[in-house]
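J.: Spelled out, the chains give:
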Amino acid sequence: MFIVKYIKDILGAVKSLAIGMKRTLYYFTHHKEIITQQYPDNKDTLVLPERFKGEVVMPHNEVNEHRCTGCTACELACPNGTIKVVTKFDITPDGKKKKAIDKLVYHLELCTMCNLCIEACPSDAIKMAQTFEHSVYDRSQLTKILNNPGSKIMEGVE
Amino acid sequence: MYRQTDIISDAQVSPQEGDLVINVGPQHPATHGVLHLVITLNGETIKKVEPHLGYIHRSIEKMCESLTYRQFIYVTSRMDYLSAHINNHACALCVEKGLQVEIPARAQVIRVLMDELTRIASHELWWGAMAMDLGAFTPFFHAFRERETINDIMEETCGARLTMNYMVPGGVMQDVHPNFQRRVKEFIQLYKRKIHEYDELVTGNIIFQNRMKGVGYLSPEDAVAYGCSGPVTRGSGVSSDIRKIYPYEIYDKLNFDEVLESGGDSFARYMIRIREMHESIKIIEQLIDNIPEGDFQAKTKAVLKLPKGEFYTRVETARGELGVYIVSEGGTTPYRIKFRSPGFSNLSVLDHIARGSKIGDLVAMMGTLDLVIPDIDR
Amino acid sequence: MWSFSHIADFIHEWLSSTFNPTWTLIIEMVIAGVCVIGLFAALGLVLVIMERKVSAWIQIRLGPNRVGPKGMLQSLADTLKLLVKEGMTPSGADKFLFNLAPFIAMIVAMLLFAPIAFAKDFQLWDLNIGVLYVSAVSSIMVISILMAGWSSNNKYSLMGAMRSGAQIVSYELSAGLSILAVVVLTGSLSISDIVMSQADGWWIFKGHIPVIIAFIIFLIAVTAETNRAPFDLAEAESELTAGFHTEYSGMKFALFFLAEYMNVFIVCAIGATLFLGGWMPFHIGNWEGFNHVMDWIPSSVWFFGKTFFLIFVIMWFRWTFPRLRIDQLLNLEWKYLLPISMFNILLATLMAIMGWHF
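Line by line, the protein sequences are chains A, B and C. Numbered as in this note's numbering, the first sequence ends at 158 without a single skipped number. Numbered as in this note's numbering, the second sequence ends at 536 without a single skipped number. Numbered as in this note's numbering, the third sequence ends at 894 without a single skipped number.
The set of hints was computed from the structure by calculation and includes no laboratory data. Note that the coordinates shown come from a computational prediction; the quantities given were computed from them, not determined experimentally. Misleading hints may appear alongside valid ones.
[Stated by the list, open to error] For lysine to aspartate or glutamate, the following DMTMM-like pairs were computed, each having C-alpha atoms within a straight-line distance of at most 25 Å:
1. B:457 with A:124
2. C:691 with B:509
3. C:691 with B:208
4. A:127 with B:313
5. B:459 with A:119
6. B:371 with C:773
7. B:459 with A:75
8. A:5 with C:863
9. B:371 with C:863
10. A:127 with B:310
11. A:43 with B:453
12. A:32 with B:355
13. A:15 with B:355
14. C:871 with A:9
15. A:127 with B:453
16. A:43 with B:313
17. C:606 with A:33
18. A:43 with B:310
19. A:32 with B:306
20. B:343 with A:33
21. A:127 with B:333
22. A:32 with B:208
23. B:255 with A:119
24. B:220 with A:9
25. A:22 with B:355
26. B:350 with A:33
27. A:22 with B:358
28. A:32 with B:357
29. A:8 with B:357
30. B:463 with A:75
31. C:606 with A:41
32. A:84 with B:223
33. A:8 with B:358
34. B:457 with A:75
35. A:22 with B:357
36. C:606 with A:44
37. A:32 with B:344
38. B:371 with B:355
39. C:691 with B:202
Chain A extracted, bound-state conformation (with noise of 0.2 Å):
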C-alpha cells in the first residue's frame, strides 16, 4: 500500500533522527564526559610517558661528566645528519693521546625523533628528552651542543 509505505518512510525517518538527536542532548546536558585538556594551565600537572621521545639530551652527573666516548656511532645511525660528532684528542696522565668529543652538535630542527641514535650508542651517553615545547624565534637556537662546557668523559666508559 502506497499511502502506508509512505507514512512508515516518514515515521522511520524521524526516529532514525530522534535518536542521533537523543545522544547528542545526552552529550549536551553532561558535562563530565568533556575530555578537553587545557593545555597551558596544566603544565604543572602535565606528565609525559617517560619514553616519549621529545629532544636528544646527553645526561651528566654532578661532576659534569657524560658517557659519551666519540665513537661516532650515533652519527652513522641518524637518517638525516641531525648529529655531528667533533672529536679532540685528550692528553691522558699518564701521557698517551685519547680520542674524547669536543663538541656533540644536536640539529633538532632535523630531528624526526626516531630513536635510532639512541639504539646505536653503545655507551647510552645519549637519551631522549620528554620535552616538546621547542619553537623558539631564531632558528639558530636550536642547534644545539650537547656536551656542557668543560665536560669529562666519565670514569671507566670506554
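Fit chains B and C to the supplied structure of chain A, relying on the hints for placement.
T.: Then chains B and C, alone, in the frame of chain A:
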C-alpha cells in the same frame, strides 16, 4: 530516491558550452590534504573528475636509496601517516625477508597488536572525517575521543603518537610498556561502551543512509580492473585481505573474519570499515593476554646488508594492500625501492564512480575511498 | 508593574508634551532605530556565543573559555577582529553588487524586526498583516544571497547562491502553509491578534494534531530557509568551501554572519509567537494559583525564553545531522513537506469550521 543511473561515457564528456570546470583543491576542506581535482560539471552533475597529483611528492622512494636498511624505515611513516606502524611493518618484513632472520614470537605478537591498534585508530579518524565531509561535525570529536586513547597507548610504548618508528628489522625497537596490557584492555572497554554511539549518530541516520546508499557504485570487475585494494574492493564483494590470502606474522593462527559486503556502493564501503574495527578488536582480545615471553628483537648485525636480489612483501594497511619492493645490489643501502601504495590505485577509481553523480556525492565517495594524500604522492 | 509598554508610553507622553507631533514621530523613529540596532548587536553576540557553547558541549569540548568570564566575551573579541580586518573585493567582481549584498541581507533582517511583539503591548509596528509581512520580506533575503554569489566572480559562490535560491524558494511554500494553519485557526494575520487568541492556551496545545504537524514542518522549513545545517547547502563547507560568502572578508562577512543569526532569531520568534503563544504566560485551565504565579513572570521573559528554546532546537539540529544533498533537499520539500502541509491545512480548516479546537 535518486540513483546514479548511468555512467556518462567519454563521448559525452567532451567539453561543451555550459560546462563548469572547478578546481577542487589543492586547498579545499574536503580533500584532506593537497589533492587537486579538476571536476567538469554540468550544473550539479559531475561529468569528469581529473585528479592532479604531486603537490606533496617528497620522492620518498629516491630518498630511501641513500639510507641504510635500518634508516629507511622511519621515512615510510610519512607516507600513510595514519597507518604508520603498518608501513614500517611492511618495510621491516621486506628487510627480514632479505636477511632471512627469524623473528621472536613475542615481537610478532607485539607487531600484530600494534598493527591492529593502528588500524582501529585509522578507521576512527576516517569515520570522523567522513562524517565531517557530509556536514556532521560532532562525530569527528567523538571519534577522536577513542583515537586519542590509542594514541596514548602508542605514546607510552613507542614514544610517539603518529610517526612511531617502532618496527626495526628483527623485531620491535623496545619491549612493550608494563602498562600496555592494562591500557589496551581499558581501551577495549571504552570501545565497547561507545561504539553503539557511532550507529546512533551516523550509521542509522536516515539522511546519512540516503547520502550513501546507491552512490559511487563500483562493480567487482571494475574494482579488480582498477587495481583497488582493501575496503574498497571488499565493499564490492571481492576478497582481498592480505592478512587472509598471504598471511604474514601470526595472522594465519588468528581467528578473525574477512569482512565482505556485496553492495559496492559508498554505504558498503562504509560498513566494511565499521565492521573491520570489530574484527580488529577481536584480534586484539585474542592476543592481549597471550603475549609470549621472550626477546622482542632478534639478534641482527650492526650493519645490515641484504644479499643481491629482489624482495617483495605485502601487508594489509588500513587502506589496502601496501607492497614494498626492494632491489638489492648487496650493499648497505637499497639499489631501488618501490612502494605499491593503496591510496594511489584507490584514487584512480574516483573518476569512474563519480561520473553522473552530484558534487555532494563526490565528497562522500572521496570519504569512503579513504584517501590519504601523502600515501598517493609519496 | 514595571513593563516595556509603560516605558514606551511614558516616553511617548513626555515627547508629545515637549515637541510638536512631527518631531515626536521623528524622535520616536530614531529611538526605535537605535533600539533595533542595539538589540541586533546584542543578539548577534549572544547567539554566536550560544552557538559555540552548544556545539562545544555537544562535541564534548569546553568551547570558548578565555575571554571574559567563562568566555562570554569571546564573540565581542571576534567582532573587534572582524571590524579591523581588511574587507577585500576580488578582482573581476561586480564591485557595486558585491558591496551591496551584505547590506541588503542586513536590511532585510532589520525590517523583519518591525512586527514582532517582544513583550506585552510592546511592538514596533502592529500592522494588520503582520504574518504576511514577515513571509514577504524574508523572501528578499534570497536576493542578497544571489547577488553575493553572482557578483563574487567565483564558481563556488555562484553554485552556493544558485542552490540557495532553489532552496529558499521551495521551502518558503511549506513555511507559509504551516503559518497559514495557525492563521486559519485564529482568523487574523495580525501578530497581536494571534498572540491574544492564545490567552487561554497556546496553539500547540489547543490545536491538536494539525498544529503539531504544522509546527514540525515550520521548524524544518525555517531551518532550510535560514540556510542552517542540515540544509546549509548554500555554504556546504566540505563541498563549496563557504558557498556564497567565500570571497567576503572582514566586516562584510560579519554582516552576512550577523544576518544569518538575526534570521534565525526572527524565524524562531515567529515560531514562538504563532505556536507557543508569544509573550503569553503558560496557563493551565482552572489552576488559579499556578496561573497567577505564571503571570508574575514578565512577558518579555516568556517571549525570549520560548524564542531561545527554539533557537536551541535549531542549533541542536545543526550539530547532530549530516547535510542533505541538493536533490534530496528538493525531494524532501516537494514530495514530503508540501503534500503533508497541504493536507494539514485542509485539516486545520476543517477543524476551524467545525470548532473542534479548544
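J.: Could you run down the list of hints and mark each one as holding or not?
T.: The hints, checked one at a time:
1. B:457 with A:124: holds, 19 Å
2. C:691 with B:509: holds, 21 Å
3. C:691 with B:208: holds, 18 Å
4. A:127 with B:313: holds, 16 Å
5. B:459 with A:119: holds, 13 Å
6. B:371 with C:773: holds, 22 Å
7. B:459 with A:75: holds, 18 Å
8. A:5 with C:863: holds, 21 Å
9. B:371 with C:863: Status holds; Cα separation ~14 Å.
10. A:127 with B:310: holds, 21 Å
11. A:43 with B:453: It is violated: about 37 Å lies between the C-alpha atoms, which goes past 25 Å.
12. A:32 with B:355: holds, 17 Å
13. A:15 with B:355: holds, 15 Å
14. C:871 with A:9: holds, 12 Å
15. A:127 with B:453: With a Cα-Cα distance of about 22 Å, the restraint between residue 127 of chain A and residue 453 of chain B holds, given a limit of 25 Å.
16. A:43 with B:313: Within the cut-off at roughly 18 Å; holds.
17. C:606 with A:33: holds, 18 Å
18. A:43 with B:310: Holds, at about 17 Å.
19. A:32 with B:306: Holds. Residue 32 of chain A to residue 306 of chain B sits at ~17 Å (cutoff 25 Å).
20. B:343 with A:33: This hinted pair holds, its Cα atoms lying about 20 Å apart.
21. A:127 with B:333: OK: residue 127 of chain A and residue 333 of chain B at ~17 Å, within 25 Å.
22. A:32 with B:208: Status violated; Cα separation ~47 Å.
23. B:255 with A:119: holds, 22 Å
24. B:220 with A:9: At roughly 56 Å apart (the allowed maximum being 25 Å), residue 9 of chain A and residue 220 of chain B break the hint.
25. A:22 with B:355: With Cα atoms ~10 Å apart, residue 22 of chain A and residue 355 of chain B stay inside 25 Å; holds.
26. B:350 with A:33: holds, 16 Å
27. A:22 with B:358: holds, 9 Å
28. A:32 with B:357: holds, 22 Å
29. A:8 with B:357: holds, 21 Å
30. B:463 with A:75: OK: residue 463 of chain B and residue 75 of chain A at ~19 Å, within 25 Å.
31. C:606 with A:41: holds, 15 Å
32. A:84 with B:223: At roughly 22 Å apart (the allowed maximum being 25 Å), residue 223 of chain B and residue 84 of chain A satisfy the hint.
33. A:8 with B:358: Holds: residue 8 of chain A and residue 358 of chain B sit about 19 Å apart, inside 25 Å.
34. B:457 with A:75: holds, 22 Å
35. A:22 with B:357: holds, 13 Å
36. C:606 with A:44: Judged against 25 Å, a Cα distance of about 22 Å means the pair holds.
37. A:32 with B:344: Cα-Cα ~19 Å, so holds.
38. B:371 with B:355: holds, 20 Å
39. C:691 with B:202: holds, 12 Å
The earlier numbered hints that this structure contradicts are 11, 22 and 24.
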